[in-house]
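Engineer: What follows is the residue order along each chain.
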Amino acid sequence: MLILTCPCCGVTGEETEFHAGGEAHIKRFGPGSSEDEFHGYLFTKENAKGVHFERWRHNNGCGKWFHAARCTVTLEVFGTYSAQTYEPPQEIKDKISAKRPGWSWREFA
Amino acid sequence: MSTRLATGGRLLNKDRAYQFTFNGKRLSGYEGDTLASALLANDQMLIGRSFKYHRPRGVVASGAEEPNGIVGLGEGAKFEPNQRVTTTELFDGLTCASQNHWPSLEFDVGAINTKLSRFLPAGFYYKTFISPRPFWKHVYEPIIRKSAGLGKAPKDRDQDTYEHFYAFFDVVVIGGGVAGLQAALAAGQAGAKVLLMEQTAHWGGRAVVDCHGVNEGEENVNGTPVDKFVDEIVAELEKLDNVTMRTRMMGAGVYDHGYLIGYERVTDHQPELDGPRHRLWRIRAGQIVTATGAIERPLSFAGNDIPGVLLASAIRDYAVNYGVSVGDRTVVVTNNDDAYRTAITLKSLGLDVPVILDARVLPEDSALMAQAKALGIRVMMGHGVAAVKGGKRVTGVEVCSQAGEGAVLETIDCDAVAMSGGWSPVVHLWSHCGGKLLWNNDFAMFQPDVDNPPRGADGEGFVIPAGSANGALDLSGILADADAAGKAAAKATGHKPGKGKAPSVQGITEAPMAAVWLMPQGAGVKKRMKAWLDYQNDVKVSDVQLAAREGFESVEHAKRYTTLGMATDQGKLSNINGLAILSDALNQPIPQTGTTTFRPPYTPISLSAIAGEARDERFQPIRKTPIHAWHEENGAFFEPVGQWRRPYCYHKPGESNHDAVKREINQTRESLGLLDASTLGKIIVKGPDAGKFLDMLYTNMMSTLKPGRCRYGLMCNENGFLMDDGVVARIDEDTFLCHTTTGGAESIHGHMEEWLQTEWWDWKVYTANVTEQYAQIAVVGPKARKTLEKLTDADISADALPFMAWADITIGDGIPARAYRISFSGELSYEIAVPASRGREFWDLLLAVGAEDGITPYGTEGLHVMRAEKGFIMIGDETDGTVIPQDLNMQWAISKKKDDYLGKRAQERSHMADPNRWKLVGLETVDGSVLPDGAYCVGEGTNENGQKNVQGRVTSTYYSPTLDKGIAMGLVHNGPDRMGEVIDFPKVDGAVVKAKIVDPIFYDKDGEKQNV
Amino acid sequence: MSNPVSALQGASFDGFAKVEEAGLCGMITLRGDLASAKVKKAVVNATGTEMPGQREVKVAGENALAWMSPDELLALVPYGEVTDKIAAIDKALAGQHYLAVNVSDARAVFRVSGTGVREVIAKLSPVDLSADAFTPGMIRRTRMAQVPAAFWIGEDGSATVICFRSVAEYVFNLLKGAAAPGSEVGLLG
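Protein chains in written order, with my numbering: chain P, 1 to 109; chain U, 10001 to 11012; chain L, 20001 to 20189.
Here chain P stands alone, though its shape is the one from the complex (with noise of 0.2 Å):
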C-alpha cells in the first residue's frame, strides 16, 4: 500500500485517505475538436511501464487534487505537485532525470 504526501495540505498518508485518478496533464478537447482528438482525449491513456504521472485527490483529508510523479514498476515515488500545472515542474522532472536517466513520457522527458 503506498504512501503519499498531498503537496496541498502536507499530509504524509497510506493510500487509503487518496483516490487515484487516471492520467494526469490530459488536455480537454470540446466541441469543434476533431474526432480523432476528442478520441485521443478520452480514450487514449500512456499505460507507462517506468515513470508515470498520476492525479491523484486527497479525498479522506483536505479533498484537494494533485499530482504524483511515479514508477509503475517499483512504485518509487519521484514527488508529487499541484495540479494547477500543464506540466511536471523542472523540479519533479530534474528528480525523475538523477534516477531514470533518459526517461521520457508523452512530450515530456
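Rather than coming from a laboratory, the hints here were simulated on the basis of the structure.
All of these numbers come straight from a predicted model, not from anything done at the bench.
We put the CB at the ideal spot given by N, CA and C, even for glycine.
All the given hints hold, so there is nothing to weed out.
Residues from chain P that face chain U, not an exhaustive set, calculated with beta carbons under 8 Å: (1) 1; (2) 2; (3) 3; (4) 28; (5) 29; (6) 31; (7) 55; (8) 63; (9) 64; (10) 75; (11) 76.
Capping the alpha-carbon separation at 35 Å, the derived lysine-lysine pairs in DSBU-like fashion look like this: (12) 20041/L with 10706/U; (13) 10436/U with 95/P; (14) 10897/U with 45/P.
Please arrange chains U and L on chain P, whose structure you already have, making use of the hints.
Structural biologist: Then chains U and L, alone, in the frame of chain P:
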C-alpha cells in the same frame, strides 16, 4: 512413549497445572506448555490424519512451521478449525479435537487411500475426474468436497472481538531471538523508535536451547551463558523508552512502502480476559529488520511421516523447554553437525540415543561429534535410514548406507527419530515485497540477496535481514550480522548508531553440512513413494518426480500439480526439499529452478482479525436521516440506497408491501402524503463564475435562472452519458443550490471540485456540500398547501410561491425553513428544508396538523411509482451509464445556445447521433399485467449466436394504483415513431407479454395537478 | 419538543477512555483566499482565536478555528451564535469572493477523554498518534474506519472528533468498540 521428564522444562511453571481435553479425553499440562508439548507429555503422539491418504500424523516440529499437528480448537462460538498445536499455548480448560478422520482418529476408514496411493498419484484429480463432463458437477465434485478439507467450518457466530491498530516506527524488528534482540538494541541505542515483535511468548528464540547440554563454557556470549545473555539484553531493551517490545505478535506480511502487518494474539492464551482476541497492527516502518530465524529441514527417507519422526531441533525443544521426551530411545539422522546437539541434550537428560546416522563422510571429527562420542553415543558416518518401521508410531529404523540403494544393514529399535536435513533461513518476510534470493551452496539454502532488497517510496531498500534469516547460522555470525542490521536500520532512518561492537561470542566451529535430498541416495521407487515431502497434503518424492516427467517443469506448475506446499503450513518444511527433487529430476541446478512465490501472511491469521472492527453494527456505515428513528418506530420496510436506509414503504398491521405502497400512493394523490427526502444531495455553488460553471456542468442553461426560481437540470459526463439530475435553485446573483440524487451527493460534489481544481482553476467558484445540514421533507398532495399554511404565516399561495419557485419561510415557533415548490409526483408539492437538528420536530408537526386530512408518509416505492406515472425518469433506472439525454427525448433540457457543456462533444459522435438508438417510450401491457423488470423486447430474426434479435428493454415497471394496471417505461428502437404498436416481451418462463408503445406520461399529461 | 437536537442527544460510553457526543456545536465552513487580510480578520473576529496555519487548529474557550485545506477553514462557535456570526462575516466580506455556510447540523461532534484517547483513535484512523508526532494544536482530516472524520487533541489530552451527522451512530459505535475495557494497547497511553 512420549512423556514428561521429572526435571527440566525451562518455560514451564510447574506450580500451575492446567486441565484440558483432547477428543474428550481429560489430560493435564502446565502453564507454559504449548498444546503440542502437553499432548506429547500425555503420550498423545497421534494427533490427526493427513489430507489425502488419511495417514496417521503426529507433530514433526515445535513451532510455526508445523504441518501435522492441527486440531479443531474450542467449542461453539469459540470453535476454530486447523489450529497448530505447536503455536497454541495451553490454558486451563482448553478443549480440542482431531480432524480429518472417520469414524475415529485411531481407526479411520479413509486410511484405505494410503493402500490405494499407487493409484492416487499427483494430478490424480485432473486425470480421473475429467470425463464424462457432467459427472464433475453432479458426482465427482460433491464427493471430493466431502472427503477433502481438514477442519470443519465453525457453525456458530464468533463471540470474540478483534481490532486493528495503526502504528508508526522508525525500525521494526521481526523476531525476538538473539538476532532480533541484538538488532533492536543496536537500533534502539542509536535513538530510533523501535518495535520488536516475537511470535511466541518468549524472548531468546532457539539460541538458549541450542547451547543446552553443550560442554559447559564452550558456547557463551560476552563470557556469560546464552540464557543469561538473553535475560540481560531483554532487561537492557526494557530500559529504553524508544523501544517497544511485544511478544505473541507475528510479522505476518511486508508490503509496499514499509507497510507491515503485525498479528498480535492478545487473549488466545487467556481466553477469560477482556479485550480483543487478536489485534492486527497496521504498521508503517521506516526500516524493517527481519530476524526471523531459520527452519530445519526434514530428510526424505521412507517412513519419514510416521508419528515419532520429528525434526531434531523439535525434539531438543520439547526436552529443554517443556521437559518432554518424545521417546525413550531416539535415533538421530542427519547431514550436519547441528543435530548432534539433540543427541547430546537427550543424553544429558538421561535418555537413550542408540545411534547417530550421519550421511556425511568427514575426514575428522568436529567438536560436537567428539562430544557425542565422548558421551558414549554410537556414530555411523556415511549412513542413513533405509526405512522407518512402525504404523501409528515409530518402532525402529532400518539402517543403510547413504551411498547405496537402501540394503538394510541393521535394524535398530527406537521409539523416536530425530532428523535434520540442514537449515533454511526464513526469507518469507524478506521476499513478500520483492526481496531477491541467492543460493548458498555451502549450506544448501536460499538466503536474502542483500543487494536486491524490497524498495520503498524513495527507491531505497527498506528491509534488512538479520542473523540466521540472513544465512548466518553460527552464534557469532548471527550476533555480528544482527548488530550491523540494527545499526544500518537506524542509520537509514536518520539516526546515528553508536560505535559499540557486537557481543563477542565464544562458539563451536561446526563441520560443513552435506546436501542430502534423498536417503539413501539411490532409493528405489518403493522407497520414494514412502518418502514424504509435504506431510499435510501427502506429497511424496515420487509425486514431484512424476510431475517433472509429465512436463510440469516450472516450480509454480509443479507446485499446483502436486499440491506441494499448498497446505495450511504453505510448505515451510517441504518447499526446499521439493524443489531440490524437482531440480534433480530436471537435471538442473537448484537456483535455476527457483522458488515459488512467498506470499503473506507468514502463517494463517484469523479472518476476524482482518475484518477488525468491521462487523455487526460496525460492518459498514449506515447513514441515517434525522427522521430515521420515526421510520423505525412506524413499520418502515427499509431499502438500502447507497449507505442510507430509506423506507421503501410503511407497513400497517397485516399489510404486504404491495398493499402499503398502494395505500400510500392513493392517499397522497387523493389528499396528503409525506416523504423524507433528506438524503437528496444539496450542494452550494457560489462565486462570480458560478453561473458559467453550472452552464458547463448541466446540459441546460443555468446562468439565466432568476434568483428565487428553480430549474430541473441534467448532468452528463465527458462521455456524454447521463450521470445525475436534480433541481437547481438560484439563491442570489452569486449563489446556487444544486440538488442531486441521493447517491450523487458526494460524487457530484467531487465531480464539481475535480473540474474546478483541475481544469478551470482560474474560475471564481466555491462549492460546499450541505446535504446533511438539512432535513428535507416533501409535503405532497391536494391538501399540501392547506396543511403547510397551518404551520407558517408566510404567503405560500400559487401567486406568491408558484410552481418552480422557492421562498424562505418560518415554520411553527421559529424553525427556519426553505420551501421549494417542486414536484416529483405530479401533485401539488412543497419540498421543505429545515435544519437537521429540527427535522424530527418538523416531521412531527406535519403529522399533527395533517392528521385531519389523513396525512400518510410514503416510501421510496411510492415515490418511484408516482414519478413513473408522470413519466419522470430516474437516474439508475432509465439510465445505466450508456444513455444520453437524447435517448430519453430530453432535448428540451439541452441548451442549444451554449457552445460547450460537459458531454456536448461526445454527444456529437457518430454513434451518439445515430437515429437508430433506442429511445424512451411508455409501455402498457395488453392484459394490464406488470412487465417483468429488465425484460427485453424481441424483434425479427436472430443474431450470429442464434439468439433472437432484441429491439428494446424495460427500464421501469410498476403496478400503478392510480390507473389500476401495469405501467412501464422502456428504451425501444425508433420507439417514439411507433406509438400504438404492440411489441413482444418474452418472460423467463418462455411466455410472451404483449405491450403497446404509448406516451410515457400516463397521468395528468398537462400537469394541472402540480400547478395549482 | 421544540429545541434543536443533535444526532445522538449526548450519548456517552465509559471504557478505558470516555466517549461522549458533545451535543450541537456551531460550525461555519469558510472558503476563500486564506492569505487575504480581510478574510483573516473576518474569521478571527468571529471566533476570537488566532489564525491557524496549515493543519492547525486554534482554540479559545468554546471557540475554535481549524485549517481544513488551502482555501477552507472551519470555525467553531456556540450553536446559538452561528447565524449572527455568518451575518457578520458576510458583512465584512461583502464584495469579496468567498463562501461562508452554516454546517452545524451536518456534523456530529464527539469528545474522547481519559488516558487512552490516542489509542482509541489509532485503532480507527491511519494516523501516527504518538505524542511526539501528533501534538496539541494540530488537526487531522482523515478517515475513521470507513467514513471521513477530523480530529484534534487538546492541551488537556482530550480529543475532539468531528464526523458527518448521518454516520454519528456508526462513529459512536466505532469509538465505543475501540475504547472497550481490556482492549488497551499499552503503546500510546
